[in-house]
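Number of protein chains: 2
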Amino acid sequence: MSAAVLCIGTELTRGEIVNTNASWLSEELTDRGIEVGAIETIADDRPLIVETLHRLSAKHLVIVCTGGLGPTTDDITSECVAEALGVPLVRDEASLAAIRTRMEKFGRVMAESNKKQADFPTGARVLQNRKGTAPGFQVALGHAQAFFMPGVPREMKSMFGEQVAPALEPFVKGQMFQVRLKTFGMTESAVNDRLDGIEAEHAVTLAYRAHFPEIEVKVLARGDNCADRARTAADAVITRLGPDVVYGEGDVTFAQQLGKLLVERKLTLAVAESCTGGTVGRLLTERGGASEFFVGGVICYANRVKEGLLGVPAPLLAEHGAVSAPVARSMAQGALAELGSDLALALTGVAGPGGGTSDKPVGLVHFAVASLAGISDRQMVFPGSRTQVRDLAAFAGLSLVRKVLLHGHDA
Amino acid sequence: MSAAVLCIGTELTRGEIVNTNASWLSEELTDRGIEVGAIETIADDRPLIVETLHRLSAKHLVIVCTGGLGPTTDDITSECVAEALGVPLVRDEASLAAIRTRMEKFGRVMAESNKKQADFPTGARVLQNRKGTAPGFQVALGHAQAFFMPGVPREMKSMFGEQVAPALEPFVKGQMFQVRLKTFGMTESAVNDRLDGIEAEHAVTLAYRAHFPEIEVKVLARGDNCADRARTAADAVITRLGPDVVYGEGDVTFAQQLGKLLVERKLTLAVAESCTGGTVGRLLTERGGASEFFVGGVICYANRVKEGLLGVPAPLLAEHGAVSAPVARSMAQGALAELGSDLALALTGVAGPGGGTSDKPVGLVHFAVASLAGISDRQMVFPGSRTQVRDLAAFAGLSLVRKVLLHGHDA
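From first to last, the protein sequence lines stand for chains D and C.
According to my numbering, the stretch in the first sequence is residues 1 to 411, in order.
According to my numbering, the stretch in the second sequence is residues 1 to 411, in order.
Hints may contain errors.
Given that identical chains are not distinguished, each listed pair holds provided it fits within a single copy or across any two copies.
Only pairs whose alpha carbons sit at most 25 angstroms apart, straight line, appear in this in silico SDA-like list of lysine to any residue [stated by the list, open to error]:
no., residue 1, residue 2
1, 260, 354
2, 266, 24
3, 116, 189
4, 266, 354
5, 266, 304
6, 260, 286
7, 59, 84
8, 131, 213
9, 403, 186
Since the hints were made in silico from the structure, they are not lab data.
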């Protein structure tokens, strides 16, 4: 039993946008135990679309398609499906009324071109679009069930979750349950090696999703007691990787989990960022509710800001240089004092691409966490581009905060 | 004349990573005037790979393929190409020596599994990999020239630029020249409408690339005097969109262009960020050399940081609330004074998803730019998610700095 994902749009074959729909849909299908055999992306080209639909429907039982449902002349998916089926398009008056109502709600008049969005191949089941004007539809194409959805990710995701996923249930063999573990601090291949044998031992499937610099480990169990078995296997994964690597479960971010820990302990955090230039602050405030634990920070890019706002002594900067453990410690202590938080994280490093020396190479970052109870510092050399160095440094800095919260300062 | 992009890897069909290679390669090919007819992504499955190679080579003159060249057992691209060609694999001793040398350089010993990375289909032209161990190769497959490259984006991009692109030159008909214009402040459809007629008038092709919240406009001319014609058409685009929308050309960022303008005028910038939480600082320091114009900033998430570090008066906060024009102005003036810069940008808003009221809805952002010459402020309501509101606010704030630099403060 396999599925195909088909993405239609010349903007995709020209590389004008990155196709995030394909990976999102492939993950959703894989998570449901439906194997994705092929992902194809083709231009808005009628013979090509018709031929591709025939070819995919001969090989797969499910086809999930995005794109080409808009109002413009290059949106031809519905026509092509009708041609592939050998049936005419018919107008669905209920859909037409829904499109008109939606446009009026946003103060717009329905253009003639929008009317074709209510035309579907005869016999199609209409899939409503709660987030936009273009409805989708489902048809039987040969032996395959084919689902057609808009290309706009927000509209597609909503339609998939509400209307396509339930229709896929007959294709999913038996019960299944998945636990998603979020990790930071190990490479994918190291995680993979460390988890060797878990699949056989617990009769589960492990899968990974990379979202730099994090790795998500997905633990999937099928059949009887799948929820219990997935949980037991997930606990075994946590034991193998360690609780410092596995920071949370489900749809949580690293910063959010750290924030939760701070809120539980009624503690607040401030930052002093040099090389990361605001990256840590951005991460800490990515989700709502950050004001419960984050007071703010100082982006001390210039040395005189380190001196003026954080009170780093000029002689310390002169003696050790801005990228040094003493300066990182002084920055953290300054942020603690000036921002009045319970903890403060400071980062200073050489993000590159220029500015490296043999003593202080590109990628070197010093970071420190200060609290009223003491101070801890670390230095690391991160690989990769300027952006990668900055992102790794930000995560490593937040990791040190987590470590101090869980285990206290270095002896 | 069309090309196919083929991406091989079960991590892609399972949706474990987003396929950025496909869009990058499609854009590179399109920019060279080579039309991409299909993008296919398939699992590490031998019969499927062989069948797909046959099918694509019957329809396209160029096949550009990524993935499956690594050392592990699921890396089978070379074997599959050999099978499709009906030839054996042969070991290339020069490649084997290069792999060994590269691994020794990084202090690693070549494993037995790495040796197969030096095996190529008989008759293949080896493509060297300067960024990793896996070499690529080129073969003639039916009427098509097929190029096989590693899936790691950094290695693939380097190999494509240095070895694949030159080999594609015979496929590019005639001369061509492209000007890439970077824009911010208009939607893609608004840009599209505004540029109606340019293509016919100047005999050029316009293409777009969306990178939220920016739009890149690509002006492509072919044939005689293509460089001059592309330039003339690009100037017409700039005139139509206006110099406030078109901020630069080529591989530049909005923040980098603003930095250049500041450096030219020997001016420095500081920021005071509330709702954006460090986003503006991160953007300003994304490329190296930012220390020439950016001194730093204060992330004043909590009101007491607005008061303590920026000197925003408590009664002002009490009277108008943190999200207000008077507070944005006071934050900008405080940053100017405390950080000693020539200009300061302040942002305060409701990023959402919670916290909105009828007076101050989610998406409302007040921003202000202060200098010794005066102060300007704006308020906008941005649509979208929390992340989109923050990113749009950061760009709009930097836009106001640019406006003040180019046109002075509001009267």
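To see whether the hints hold, each was checked on the structure:
1. 260 with 354: between (37 angstroms within a copy, 18 angstroms between copies)
2. 266 with 24: Answer is neither; intra-copy 37 angstroms and inter-copy 46 angstroms both fail.
3. 116 with 189: between (50 angstroms within a copy, 19 angstroms between copies)
4. 266 with 354: between (41 angstroms within a copy, 22 angstroms between copies)
5. 266 with 304: Between copies, since 17 angstroms is at most 25 angstroms while 33 angstroms is not.
6. 260 with 286: within (14 angstroms within a copy, 29 angstroms between copies)
7. 59 with 84: both (15 angstroms within a copy, 21 angstroms between copies)
8. 131 with 213: between (31 angstroms within a copy, 20 angstroms between copies)
9. 403 with 186: Within. Shortest intra-copy distance 16 angstroms satisfies the 25 angstroms Cα cut-off; inter-copy 45 angstroms does not.
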